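As a plain string of letters, each chain reads:
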Amino acid sequence: MPVNDLLQLSIAEIRAALAAGRLRAVELAEAYYAEIERGDPGIHAYLTLSRERALQQAERLDRLATAGSPLPPLAGAPLGIKDVISVRGVRATCGSRILENYIAPYDATVIERLDAAGAIFLGKLNCDEFAMGSSNENSAFGPVRNPRDPERVPGGSSGGSAAAVAARTALATLGSDTGGSIRQPAAFCGVVGVMPTYGRVSRFGLTAFGSSLDRIGPLARSVADAAAVLHVIAGRDLRDATTSSLPVPDYAAELAAWRASSAGSKPLAGIRLGVVKESWRAGLDSGVETAVRQAIARLETLGCRFIEVSLPRLDAAIAIYYILATAEASSNLARYDGVRYGYRAPDAGSLSEMYRRTRDRGFGPEVKRRILLGTYVLSAGYYDAYYRKAQQARTLLAQDFAAALAGCDALALPTTPTPAFRLGEKTGDPLAMYLADIYTVPASLAGLPGISLPCGQAGGLPVGLQLVGRHFQESLLLRLGQALESSAA
Amino acid sequence: MKIQTEDVLRIAELANLELAPEELEPMRRDLGNILEYVAQLDLLPTQGVEPMSHATAGEAETPALRPDEEAPGLGAEAALANAPLAGEACFKVPRVIERG
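Protein chains in written order, with the working numbering: chain A, 1 to 489; chain B, 1001 to 1100.
A portion of the hints provided could be inaccurate.
As the list claims (entries may be wrong) - Cross-link-like lysine to aspartate or glutamate pairs, in silico, DMTMM-like; alpha carbons within 25 angstroms at most: (1) Lys266(A) - Glu308(A); (2) Lys1002(B) - Asp315(A); (3) Lys426(A) - Glu1013(B); (4) Lys1002(B) - Glu1013(B); (5) Lys266(A) - Glu353(A); (6) Lys426(A) - Glu289(A); (7) Lys277(A) - Asp315(A); (8) Lys1092(B) - Glu1077(B); (9) Lys277(A) - Glu308(A); (10) Lys1092(B) - Glu1022(B); (11) Lys266(A) - Asp315(A); (12) Lys1002(B) - Glu366(A); (13) Lys426(A) - Glu1077(B); (14) Lys1092(B) - Asp360(A); (15) Lys1092(B) - Glu1025(B); (16) Lys1092(B) - Glu1069(B); (17) Lys426(A) - Glu366(A); (18) Lys1002(B) - Glu1018(B); (19) Lys1092(B) - Glu100(A); (20) Lys426(A) - Glu353(A); (21) Lys426(A) - Glu1036(B); (22) Lys1092(B) - Glu30(A); (23) Lys1092(B) - Asp384(A); (24) Lys1002(B) - Asp149(A); (25) Lys426(A) - Asp347(A); (26) Lys277(A) - Glu300(A); (27) Lys1002(B) - Asp347(A); (28) Lys277(A) - Glu289(A); (29) Lys277(A) - Asp409(A); (30) Lys426(A) - Asp149(A); (31) Lys277(A) - Glu1023(B); (32) Lys426(A) - Glu1025(B).
Unchecked claim - Some, not all, of what chain B presents toward chain A, calculated at C-beta under 7 angstroms: (33) Leu1009; (34) Ala1015; (35) Leu1017; (36) Leu1024; (37) Asn1033; (38) Leu1041; (39) Val1049; (40) Ala1055.
Read the hints as simulated data drawn from the structure, not as lab findings. Note that the coordinates shown come from a computational prediction; the quantities given were computed from them, not determined experimentally. Heads up, the beta-carbon is just placed ideally off N, CA and C, and yes, glycines get one too.
Chain B with its partners taken away, still in its complex shape (with noise of 0.2 angstroms):
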């Protein structure tokens, strides 16, 4: 599989991260090696077989619902104490909308 510039700058906007320039060219070529090598499952024949999408064994023993009962959350204090910026019990972030 080649990867180029272009696809790691494409990526890495989905991903929410920006790469500095010198970043690029390793990630590129890594990016590459890894799904060169990842590219002989296609020898794998898998047609028909199930996606296994998670290792939970003995599903009979591991309910996934738990009773819906009412349990004291971690409260608006402790939640905001690791905050970068926080005010009037709200997190605050740089400005969003635009004033008009």
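Excised from the complex, chain A in its bound form (with noise of 0.2 angstroms):
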């Protein structure tokens, strides 16, 4: 098969050509790390690869598939992981000097789970430091350019498993969302993005950054692909007591079968979205604007009913968030100390004087502002007045999804005010960029299931439609996804 072919191959063909002897794993990974030696330099997505482990598991699908014996289900998909998400035996960074030579020494449950099906670890993708970031120019290591047009950001914190779907250096990727951070680079980039269900995705060996936040979800081409990671990595985990033990759908399966059955005009009939009327704002890009309204229409062409809905407390959502998520990681990001893992200060007299130095040195400035925040908004005498009274407004806020969501499936909204902006534009105002993340944040801090799809251009930039859905709703999100993706190819 010619290398272009190979590149182009979606999850469900990948399987269908290994089983069929039309095609061999370590023919795929090499065809990939070709693909990322020749274009990965330009973009920087990979932080490290991991060709050993890559290449052995590559090895035992061609054994599978020469003796006959049934495929897993993404049996040799090349898949990149965000540095912020353990593989044992390889560097995690997590894009920060502090984690510069630290080995994973087990894999993320989400690993287990995708190597048992099959997949093949490419690398480990750069992100902003320890995934707090909304460009990816806070990685440690440098950052990420956007394959869409190389002067631009390709957002974050995931930016590398954004990118490297857009460039073609891994079919699909792991990003984690936070804030945004799996929906906004995927608008950036033109590519889907999946933040599911607080709760449907195991976080164990997820570097925790915000705890009742941070979830990890796929990244990929198309919705399928997105789909398939998704069923693979999702359900209960004893080593993540937030882990739901609701039954997880063969969200691939799924899909399938409704394509299957709708042939008609009208796929969507009977789903109701809801348009959310705060997001037309002001600071949305008039492109960014009329390229949402397009896919909407679009929605409304495949039968879909569009009613206004309200997010009232929409404009509190950012500083909820900087409250809470500092918060939380000011506590998470205390182990690191110079003790048991990572960089340590060589010229500290005391342990005090150590663990100062050592996380001076060893943290960038976005990380110390958000720890300094965080600790600032918990120390005594400020406790009620900022992380109390944020949480209280999470729960307002929590309660106009709810509100919203009774009178519709879903909600639909823009990923982002703007396409990608240029490397260097927003780095000297930490405020300016926060605010950016407002469409995104608030189905973070519902716990809500989210998805970010390719919806056309502004200005030659990639725009993202964001679909917000009820809790473990994911499936419908899905399908959504696929019909607008149908209707524009």
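Make one complex out of these two single chains by using the hints.
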């Protein structure tokens, strides 16, 4: 098979080609590594390649195929993994100097499951330090460039995860989303990004940032590939007590069945979508607005009925988020002290000096800013005014979502207020960078699932349509996504 | 919310961070701007509202407890493999107690 064709194959096509003996998993993995070698130096999506483990897995799958044994669902699928997720025996820097030489001693639950499902891990992907950022410019190892325009950021914090999918240096990737870190880079790079319901996917082996917000999810070129990965990683895990024991649907099979049965012109008839009226606000780029409204019109053509809904406390979301996420981060990042792993300042005379110098030199400016902010809002005398107040406001925002979703099946809104911005454009003003998360942070706070779907362009750059569903209603979001995707083709 | 350099130093100490002198002023300014922005929450009436401390949905299907069963741990060797300094199956740190 010509290399260019190899890189086009979907997860289902790869499995079928392996089973039919038309493709070898090693050949496919090597094709991806060649593409990484050729394309990644200009993008910098990868921080570490895990070639040895990848090829061992590929050989195992080739032996299975040769023996005519049944192949697992993701057989041979070459994936990239965000560097905040542990892959045993492979460096996991989290984009930070403080973990520059840290080798993960175990597999995250999602990695264990993907491994058992036959996926191949090409390597670890660049991200903002400890997943804190919206442009990937906070990586200690240098920024990622947007494959659609190398002068622009890929978004963040899962910038490498989105860029690798867009550059075809991975078939699909895992990212993590705390306030938009899967959906926003997916929108900026023109790929599909899924943030599952809080509790749908285990966080065991994900480096903690904001534990009440963190989620792992897939980024992919197509909704079907994202669905296939999500199906494998979702489900109860005894090592993460916040995971739900609700059964996991076979998302990809559902999509295939639905596609086969929806030949009519109104395949989405009966589905009610809510357009969030507060979406159309100052700061929304007119090109983004046009593309999002056109996508909504397309869904309407396919049979969706739209109603207007309101999230009256949307404006409070960024304030709530940057109190709660930083408070949780200040606690979670206390573990980096130079004792058990990672960097240790060599010149400290006492234990407390060692802690402080290690952390000062090991963390970058944005991580320090968030640790300080989180420490401040939790400190004596300020806890009630900031932290507790934000938790109460979070309750109100979650109630706004519940009210809006009582009258419709899912919400439609932009993923981002603008298309990808230029490198360096926003680094001088942290607050301005935070405010650009206005469309993604609310669903994060409410614990609801969200998906970002490519929906045209603004000024030649990709735009994302975001859909937010009820708890554990990923199936509906994927179905809407597939319909939108097919209508664009 | 006016935040002073002394406040930044106090929080840094609580957070076990040693900020270089040139880091102080930019940090004071950024923290001040962010705190001023989040102060908008003061205008939101929240009296009697239950604080949301987690995002777990469908609590009936999300059991917080698991069976108490023995399972293998990481093991001392793997646990120590990333330590900056280790010996005799322990993490080593600079001296904490001075000899009398």
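Here is what the structure says about each hint:
Between the alpha carbons of Lys266(A) and Glu308(A) the distance comes to roughly 21 angstroms, so the proposed pair stays at or under 25 angstroms and holds. For the hint linking Lys1002(B) to Asp315(A), the alpha-carbon distance of about 23 angstroms falls within 25 angstroms, and the restraint holds. As the CA atoms of Lys426(A) and Glu1013(B) are separated by approximately 29 angstroms, the hinted pair breaks the 25 angstroms bound. Distance restraint check for Lys1002(B) and Glu1013(B): the Cα-Cα separation of roughly 19 angstroms lies within the 25 angstroms cut-off, and the hinted pair is therefore satisfied.
Our distance criterion of 25 angstroms between C-alpha atoms is broken by Lys266(A) and Glu353(A), whose separation comes to about 67 angstroms. For a cut-off of 25 angstroms, the pair hint linking Lys426(A) to Glu289(A) stands: about 21 angstroms separates their Cα positions. Restraint check for Lys277(A) and Asp315(A): satisfied, since their Cα atoms lie roughly 12 angstroms apart, inside the 25 angstroms limit. For the hint pairing Lys1092(B) with Glu1077(B), the CA-to-CA distance comes to about 14 angstroms; that is within 25 angstroms, so the pair holds.
Restraint check: the Cα-Cα separation between Lys277(A) and Glu308(A) comes to about 6 angstroms, which is no more than 25 angstroms; the hinted pair holds. For the proposed pair Lys1092(B) and Glu1022(B), the alpha carbon gap of about 32 angstroms is over 25 angstroms, so the pair is violated. Restraint check: the Cα-Cα separation between Lys266(A) and Asp315(A) comes to about 35 angstroms, which exceeds 25 angstroms; the hinted pair is violated. Among the hinted pairs, Lys1002(B) with Glu366(A) is consistent with the structure: their alpha-carbon atoms are about 21 angstroms apart, no more than 25 angstroms.
Simply put, Lys426(A) and Glu1077(B) have alpha-carbon atoms about 44 angstroms apart, too far for the 25 angstroms limit, and the pair is violated. A distance of roughly 20 angstroms separates the Cα atoms of Lys1092(B) and Asp360(A); the hinted pair therefore holds under the 25 angstroms criterion. For the proposed pair Lys1092(B) and Glu1025(B), the alpha carbon gap of about 35 angstroms is over 25 angstroms, so the pair is violated. About 31 angstroms separates the Cα atoms of Lys1092(B) and Glu1069(B), which puts this hinted pair outside 25 angstroms; it is violated.
Taken as a hint, the Lys426(A) and Glu366(A) pair is honoured in the structure, with Cα atoms around 13 angstroms apart against an allowance of 25 angstroms. A C-alpha spacing of about 22 angstroms is found between Lys1002(B) and Glu1018(B), which places the hinted pair at or below 25 angstroms, so the restraint holds. About 20 angstroms separates the Cα atoms of Lys1092(B) and Glu100(A), which keeps this hinted pair within 25 angstroms; it holds. With a C-alpha separation of about 34 angstroms, the suggested pair Lys426(A) and Glu353(A) falls outside the 25 angstroms cut-off, and the hint is violated.
Proximity of Lys426(A) to Glu1036(B) is assessed by CA-CA distance (about 19 angstroms); at most 25 angstroms being required, the pair is judged to hold. A distance of roughly 43 angstroms separates the Cα atoms of Lys1092(B) and Glu30(A); the hinted pair therefore is violated under the 25 angstroms criterion. For the suggested pair Lys1092(B) and Asp384(A), the alpha carbons sit about 39 angstroms apart, so the restraint of at most 25 angstroms is broken. As the CA atoms of Lys1002(B) and Asp149(A) are separated by approximately 41 angstroms, the hinted pair breaks the 25 angstroms bound.
Among the hinted pairs, Lys426(A) with Asp347(A) is inconsistent with the structure: their alpha-carbon atoms are about 35 angstroms apart, more than 25 angstroms. Restraint check for Lys277(A) and Glu300(A): the C-alpha separation of about 17 angstroms stays at or below 25 angstroms, so the hint holds. With a C-alpha separation of about 35 angstroms, the suggested pairing of Lys1002(B) with Asp347(A) is violated against the 25 angstroms cut-off. Between Lys277(A) and Glu289(A), the direct Cα distance comes to roughly 12 angstroms. Compliance with the 25 angstroms bound is thereby established for this hinted pair.
Pair hint Lys277(A) plus Asp409(A) holds up; C-alpha atoms about 16 angstroms apart against a cutoff of 25 angstroms. Only pairs whose Cα atoms come within 25 angstroms are accepted, and Lys426(A) paired with Asp149(A) is accepted, the gap being roughly 17 angstroms. The straight-line distance between the Cα atoms of Lys277(A) and Glu1023(B) is roughly 41 angstroms, outside the 25 angstroms bound, and the hint therefore fails. For the hint linking Lys426(A) to Glu1025(B), the alpha-carbon distance of about 19 angstroms falls within 25 angstroms, and the restraint holds.
Interface restraint check for Leu1009(B): the shortest CB-CB distance to chain A comes to about 10 angstroms, outside 7 angstroms, so the restraint is violated. Checking Ala1015(B) against chain A: minimum C-beta separation of about 4 angstroms stays under 7 angstroms; hint holds. This hint holds: Leu1017(B) has a C-beta 5 angstroms from the nearest C-beta of chain A, less than the 7 angstroms allowed. Among the interface hints, the one on Leu1024(B) is violated; its C-beta lies about 11 angstroms from the nearest C-beta in chain A, farther than the 7 angstroms criterion.
Restraint check, Asn1033(B) versus chain A: the minimum CB separation of about 5 angstroms is within 7 angstroms; hint holds. Nearest Cβ of chain A to the Cβ of Leu1041(B): about 5 angstroms, under the 7 angstroms cut. The hint holds. With a least beta-carbon distance of about 4 angstroms to chain A, the hint placing Val1049(B) at the interface is held under the 7 angstroms criterion. The restraint placing Ala1055(B) at the interface with chain A holds, with a minimum CB-CB distance near 3 angstroms, inside the 7 angstroms limit.
Violated hints, in rising order: 3, 5, 10, 11, 13, 15, 16, 20, 22, 23, 24, 25, 27, 31, 33 and 36; the structure is consistent with all others.
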